[in-house]
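Asks: Two independent chains are provided; combine them into the complex using the hints.
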Amino acid sequence: MANKLTHLKELESESVYVLREVAAQFERPAILFSGGKDSIVVTHLAYKAFYPAKIPFPLVHIDTGHNFQETLDYRDALVQKLGVRLIVGSVQESIDTGRVKEEKGYNASRNRLQTTTLLDTIEKYKFDACIGGARRDEEKARAKERFFSHRDEFGQWNPKNQRPELWNIFNGKKNMGEHFRVFPISNWTEMDVWQYIYQEQIELPSIYFTHERRCFFRDGQWLAAEPCMKLKPDEEVVTQRVRCRTIGDISCTGLTLSEAHSLEEIIGEIAATRVTERGGRADDKRSETSMEDRKKEGYF
Amino acid sequence: MNTKGYLDMELLRFTTAGSVDDGKSTLIGRLLYDSKSIFEDQLEAVEEASRSRGNEEVNLALLTDGLRAEREQGITIDVAYRYFATPKRKFIIADTPGHIQYTRNMVTGASTADLAIILIDARNGVVEQTVRHTYIAVLLNIPHITVCVNKMDLIGFSEDQFEAIRKKYLEVLRKIGAHAEVNFIPISAKYGDNVVKDSDRIPWYRGGTLMHLLETVPIGHKSGEEGDPMRLPVQYVIRPISDKFPDYRGYAGRLASGALHIGERVRLLPSGLESHVKAIYQAEKAMESAFAPASVSVLLTDDIDISRGDFMVSVGQAQPQVSQSLQMMCCWFNEQEMQLNKRYLIRNTVSETVGVVKSVDYRVDINTLEHLEGVTSLKMNDIAQVTLRLAQPMVFDRYVENRTTGSVIFIDPDSFETVGAGMIVDG
Ligand SMILES: Nc1nc2c(ncn2[C@@H]2O[C@H](COP(=O)(O)OP(=O)(O)O)[C@@H](O)[C@H]2O)c(=O)[nH]1
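Chains as they are written, first to last, in our numbering: chain A, 20 to 319; chain B, 53 to 479.
The shape of chain B in the complex, shown without the other chains (with noise of 0.2 angstroms):
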């Protein structure tokens, strides 16, 4: 066993999009059995499960079926996480429902996504709601997309009609507006072909499978790059007051983008004080440099006030932006309906203000990508670009620029409920 090549393996998140019956499932249970990330165990529970239910073959598809009550209904109802690892990657799938009310569920499990793939039975081609899911993908500013045209043994393995679905796709694209690189995979989830093995019945498709693609596609976007603006949220101020360690002040937080390095100047915001970076730690560990996504805990050379929900930047990169006034596209979570005017609890990482929408300035249409004004409220599923006046100023990046320092969640003030979800267009 090669343990140091295990010790070095990278992360892909991914997230799967679909319509009820596409074959999401079965296309995760098929990624999970043939890349041997099941344990017999949970192979005899399925086969058990298949056979009390009257399913001739192994249902790969009840491999990934989650709660009780979702098995009854026979639907998935929320976002489950799934794990498995080959010698190349290490892989957490965020699995989605692909039932119309569910845009939440949807956008959840993209907010953490490097890759989404969307599945399309080849048999109905581009839908409402693959238009839907595409869209979500784009606005949640998730950097690759592959699309799956399933079931290809339904449709004879034509190239054609592969050529024409993937056509009308590129179209969607245009129109909502991507800029996102896109793969299309002609797979067949039920029988293997193009998922982790290739295969013979599609001779005139040359790209790989899809588990080759999820091996090799680059996730450089989150690790932090030189040239990227370093931001640090201060999470937490570590003050041991030992005698071993009677002055030490340590600004705990995970780096959202770029590099840290000692002897560093560094910005705290809101307030604009300046410091230099003394010491960078990991638990004991004293380090010359960090890098994103890493937790750290760092001395500044100056004995300045700062507390949890201070941004930490470099001074010679792009600054981010303060307002108390925000546009963003704001995604609805709640049975209870968006109020203008309403206070809200907005929190940005790790800080939290108080926040009313003053406007809703647009509603989409994921269906059909219109623009709908006139609007007041936002129910469950909504999808709004709005206005919102803030009690206090907002350190924050534009989403396009920056996913962990763009985004927001509204917090109800009375059930303290997470009710929306917003991406920062603009200050």
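With the rest of the complex left out, here is chain A (with noise of 0.2 angstroms):
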């Protein structure tokens, strides 16, 4: 008898028992929740992995006060679903209070700014291991990451310092002031995540499907026309159909252009796509090694 698992319930076994290893293996674990499709993917995988017990780690979400409302309304729903905690690190704030300062000009982001107020949380509450949604198929400065992946006291990654990982034995072990960061969904690829969405019927932002929303297009690609951008003179609004491949902060989100209602229309459109995902997201444009270098500053 061929007892096979297909791929799909191999990496969700492989995820589980990573999310369980932070659990037995750190005290003070957190799940840092963006409300992009990649972290409510890990968020139910610990719901999977601790049933019927509640997951044993809180939410944290660094808000960057660019939010679409979509998903800080879908994010309080699910905290009050899964009964679990959720902490928000706020990047207003962090502005407000000086520790950091607000990028200017058209193409300011706060992106690179989560970095700081993500430290800050980390310190206040004292978390050990913080779990995020990072796949390594998203970038290449990702293809190399660990699931457990050990951090300084700063916070810092240092990539010629990385803990060799082998079989399925993970090393958690820390001194004083140091953290790490997991990623159960490291071997995932946008495809899997999103088949893995369809398979188990979660539930996603609505933004995730077609709507109408009122964009304007910049450096090939279109972006909301929320009051938090400032658009150049020459750039026009207009309405159109667009979904979101990927969320996260309102000026690095690109928008796609879709008619995609259900989960089966958006998995055909990926399959018919030729861009990747973070293909979609200003932040990484700014130079050929971008990722890496806020990688090294402690950005999830």
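Note that these hints are calculated values from the structure, not bench results.
There may be inaccurate statements among the hints.
35 angstroms max Cα-Cα, derived DSBU-like pairs, lysine-lysine [said to hold, decoys possible]:
#1 Lys251(A) x Lys193(A)
#2 Lys242(B) x Lys227(B)
#3 Lys143(A) x Lys120(A)
#4 Lys337(B) x Lys192(A)
#5 Lys219(B) x Lys249(B)
#6 Lys145(A) x Lys394(B)
#7 Lys88(B) x Lys23(A)
#8 Lys23(A) x Lys140(B)
#9 Lys73(A) x Lys337(B)
#10 Lys219(B) x Lys140(B)
#11 Lys249(A) x Lys123(A)
#12 Lys227(B) x Lys193(A)
#13 Lys120(A) x Lys73(A)
#14 Lys296(B) x Lys100(A)
#15 Lys410(B) x Lys192(A)
#16 Lys88(B) x Lys28(A)
#17 Lys220(B) x Lys242(B)
#18 Lys249(B) x Lys28(A)
#19 Lys296(B) x Lys28(A)
#20 Lys394(B) x Lys28(A)
#21 Lys330(B) x Lys100(A)
#22 Lys249(B) x Lys145(A)
#23 Lys431(B) x Lys193(A)
#24 Lys140(B) x Lys28(A)
#25 Lys192(A) x Lys431(B)
#26 Lys23(A) x Lys100(A)
#27 Lys220(B) x Lys394(B)
#28 Lys88(B) x Lys242(B)
#29 Lys394(B) x Lys73(A)
#30 Lys23(A) x Lys330(B)
#31 Lys123(A) x Lys73(A)
#32 Lys431(B) x Lys394(B)
#33 Lys143(A) x Lys123(A)
#34 Lys219(B) x Lys192(A)
#35 Lys193(A) x Lys394(B)
#36 Lys337(B) x Lys100(A)
#37 Lys192(A) x Lys23(A)
#38 Lys28(A) x Lys410(B)
#39 Lys330(B) x Lys73(A)
#40 Lys410(B) x Lys23(A)
As the structure is a prediction and not an experimental result, all values here were calculated from the model.
Replies: Structure follows, in structure tokens:
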């Protein structure tokens, strides 16, 4: 008899294993919840890993203050449903207290500022492991990331000093002040994530599906014309039917022209597209190695 | 779009090994490119980078080049993971460098691989590094080895030379004492011959392309066959203590091998206590049985004391060993040398104990395969058979029988770094 797991089952099993290792090896873990589909999947996997107990970690949301309202509504409903604690770290507060300085100009983004708020939040709550939804297929600098990624006491990632990870043995031991980022869905691709959402019928924020939105076009992509976005004189606001492929801060969430109403339709569109999802994120375009630079500083 | 088909795919993990410049990056780039796994923006970025370095053609190798420091040095220096899928399978590549001081990276990449691609430059044939890479693939017990003889275009697609390389390689395998299944494919990564597309320039070769092999090679070895001994290392105990589930005690873990069934009599090791399986859950879904590598939560009929690190096995099957002394093949990973009689933390699946290395039985020169005796410490990238003494008994299988329950890592108790890897030979 051939007992074979499908690749989605095998990936799920691996991620559940990683999440249980976090619960067993750390004292104060937390899930970094961005409202993006990847962190939604991680939260769903955590629900499955510990059922019928509640997820033994709080959700931490670093709120840039420039979030889609739909993301915030979804977050609050999810926390309610799961009965877990929500901790919000506010970038606006970091700006107000002078911890960081708001970027200026048309391409100003609060994405980079998040790093400070995140590290402050980790420090305040003494988190020793922060679980994120990053995947190795997203970006070149992430291809070498470990499941258990060691950070020094300044929250920095040193690509030269990462612990080797063999088989499925994870070493989460650390000195005072150090902490870990843990990436349970490291081995998933964008397609796996969508297929899994479909297989598990996971609810998503409505903006992942097609809707009418006021947008403008900049640097090869559509962006939302929200009050926090400063338009150049020649940029024109038009109403388009769009969906989000990945959700972050409004300033760097590229919108895809789409008519996809259902998960099947989204999967069909993705199978046909020829651009990576990060291709729709303005923050990665700044330089060839921008993601790597932000990682070293302590970005997710 | 056939959603059903995609949901049914299997996963193959493979690793690639070759010396610098054998064409490993080009081969991976070719696999991704010809299987249409490269997105336009990635390709544009690579075209841009190729142009800015004055390369005339698009350099496929740049697709897999990672961090900046490495890009500056022009070599890959760590394990990088790549993903692609065809309509038949999803693939994970552990891309490891061929550079001399990085044995540890290849060991790391090989630890989870179902298949190893060993790359040989057709002009150079079997070289010292080929021996080394093959030795590691065999040591890590990778079930399938595929030898790709690359740059066939540079030797005029010569069948004779290919055959000579094949013979030489088989000799190496014999010397290592390998039982892995081996395939040989003549390719040209740069031009795509026999990678994804058939080649009409190598008419004498009748085996399939590399991609065909990757899509069809059996991967049953990692699934939980009924006959395989059931192994469930208990990772975590789920205790909701809620009104709805007042007495629920779920023993959570990932099956390392075999299958588990409701009603089955199980034994917990090292305690030796026995009970029966009352229920198997994956979240709210109750199951009749489960098999490796599934993650499950198991309920037992008796209230016995079980905690993280305990091993659940089936009473009627071959039992794992329980011992306080271990003989293992060890690969050292750290700049700080391994010292005899120093205390290390030894972790096997999810359990951990203190251990000291009592002796180095022999070190292996992995270029010549010679056994060197009289060794008392190990340097980074050394491979040796060592004998360990543990503070507590460890439950394990021999590595050749079970890659999950037969492997350990060494953790330095001061720095907490992972400093070595071990494959258990015997108790
Ligand atoms: N003629 C020829 N050159 C190749 C072939 N494969 C790779 N190369 C070249 O060999 C050099 C080294 O390739 P690269 O992929 O960077 O090697 P790596 O160090 O193993 O990753 C590059 O100049 C490639 O273009 C091949 O099949 N034929």
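Asks: Take the hints in turn and mark each one as holding or not.
Replies: Tested hints:
1. The suggested pairing of Lys251(A) with Lys193(A) is violated, with an alpha-carbon distance near 48 angstroms, which exceeds 35 angstroms.
2. The straight-line distance between the Cα atoms of Lys242(B) and Lys227(B) is roughly 32 angstroms, inside the 35 angstroms bound, and the hint therefore holds.
3. Taking the CA atoms of Lys143(A) and Lys120(A), the gap is about 20 angstroms. The hint holds against a cut of 35 angstroms.
4. Annotation: proposed proximity of Lys337(B) to Lys192(A) holds, straight-line Cα distance about 33 angstroms (limit 35 angstroms).
5. A C-alpha spacing of about 26 angstroms is found between Lys219(B) and Lys249(B), which places the hinted pair at or below 35 angstroms, so the restraint holds.
6. Distance hint between Lys145(A) and Lys394(B) is fulfilled; the C-alpha atoms sit about 32 angstroms from each other, no more than 35 angstroms.
7. Restraint check: the Cα-Cα separation between Lys88(B) and Lys23(A) comes to about 27 angstroms, which is no more than 35 angstroms; the hinted pair holds.
8. Among the hinted pairs, Lys23(A) with Lys140(B) is consistent with the structure: their alpha-carbon atoms are about 15 angstroms apart, no more than 35 angstroms.
9. Simply put, Lys73(A) and Lys337(B) have alpha-carbon atoms about 16 angstroms apart, close enough for the 35 angstroms limit, and the pair holds.
10. Taking the CA atoms of Lys219(B) and Lys140(B), the gap is near 32 angstroms; set against the 35 angstroms cutoff, the hint holds.
11. A distance of roughly 10 angstroms separates the Cα atoms of Lys249(A) and Lys123(A); the hinted pair therefore holds under the 35 angstroms criterion.
12. Taking the CA atoms of Lys227(B) and Lys193(A), the gap is near 42 angstroms; set against the 35 angstroms cutoff, the hint is violated.
13. About 38 angstroms separates the Cα atoms of Lys120(A) and Lys73(A), which puts this hinted pair outside 35 angstroms; it is violated.
14. For the suggested pair Lys296(B) and Lys100(A), the alpha carbons sit about 16 angstroms apart, so the restraint of at most 35 angstroms is met.
15. With a CA separation close to 25 angstroms, the supplied pair Lys410(B) and Lys192(A) stays within the 35 angstroms bound.
16. Taking the CA atoms of Lys88(B) and Lys28(A), the gap is near 25 angstroms; set against the 35 angstroms cutoff, the hint holds.
17. Between Lys220(B) and Lys242(B) the alpha-carbon distance is near 25 angstroms, which keeps this suggested pair within the 35 angstroms criterion.
18. Between Lys249(B) and Lys28(A) the CA atoms are separated by roughly 30 angstroms; this keeps the pair inside 35 angstroms, and the hint holds.
19. Distance hint between Lys296(B) and Lys28(A) is fulfilled; the C-alpha atoms sit about 28 angstroms from each other, no more than 35 angstroms.
20. Straight-line distance between C-alpha atoms of Lys394(B) and Lys28(A) comes to about 41 angstroms, which puts the hinted pair past the 35 angstroms bound.
21. Taking the CA atoms of Lys330(B) and Lys100(A), the gap is about 29 angstroms. The hint holds against a cut of 35 angstroms.
22. Proximity of Lys249(B) to Lys145(A) is assessed by CA-CA distance (about 54 angstroms); at most 35 angstroms being required, the pair is judged violated.
23. For the hint pairing Lys431(B) with Lys193(A), the CA-to-CA distance comes to about 24 angstroms; that is within 35 angstroms, so the pair holds.
24. Note on Lys140(B) and Lys28(A): the hinted pairing holds, with a Cα-Cα distance of about 16 angstroms set against a maximum of 35 angstroms.
25. Annotation: proposed proximity of Lys192(A) to Lys431(B) holds, straight-line Cα distance about 23 angstroms (limit 35 angstroms).
26. Taking the CA atoms of Lys23(A) and Lys100(A), the gap is about 33 angstroms. The hint holds against a cut of 35 angstroms.
27. Taking the CA atoms of Lys220(B) and Lys394(B), the gap is near 42 angstroms; set against the 35 angstroms cutoff, the hint is violated.
28. Note on Lys88(B) and Lys242(B): the hinted pairing holds, with a Cα-Cα distance of about 16 angstroms set against a maximum of 35 angstroms.
29. Between Lys394(B) and Lys73(A) the CA atoms are separated by roughly 41 angstroms; this puts the pair beyond 35 angstroms, and the hint is violated.
30. For the hint linking Lys23(A) to Lys330(B), the alpha-carbon distance of about 24 angstroms falls within 35 angstroms, and the restraint holds.
31. For the given pair, Lys123(A) sits about 43 angstroms from Lys73(A) by alpha-carbon distance, which is inconsistent with the 35 angstroms threshold.
32. In summary, the hint linking Lys431(B) to Lys394(B) is supported, as the alpha carbons are separated by about 15 angstroms, within the 35 angstroms threshold.
33. Using a Cα cut-off of 35 angstroms, the hinted pair Lys143(A) and Lys123(A) holds, with the two alpha carbons roughly 28 angstroms apart.
34. Restraint check for Lys219(B) and Lys192(A): not satisfied, since their Cα atoms lie roughly 47 angstroms apart, outside the 35 angstroms limit.
35. Between the alpha carbons of Lys193(A) and Lys394(B) the distance comes to roughly 20 angstroms, so the proposed pair stays at or under 35 angstroms and holds.
36. Under the criterion of a C-alpha separation no larger than 35 angstroms, the hint pairing Lys337(B) with Lys100(A) is consistent with the structure, at around 19 angstroms.
37. Note on Lys192(A) and Lys23(A): the hinted pairing holds, with a Cα-Cα distance of about 34 angstroms set against a maximum of 35 angstroms.
38. Among the hinted pairs, Lys28(A) with Lys410(B) is inconsistent with the structure: their alpha-carbon atoms are about 42 angstroms apart, more than 35 angstroms.
39. For the given pair, Lys330(B) sits about 22 angstroms from Lys73(A) by alpha-carbon distance, which is consistent with the 35 angstroms threshold.
40. At most 35 angstroms may separate the alpha-carbon atoms for a hinted pair to count; Lys410(B) and Lys23(A) exceed this at roughly 41 angstroms.
Violated hints for the displayed structure, listed by number in ascending order: 1, 12, 13, 20, 22, 27, 29, 31, 34, 38 and 40.
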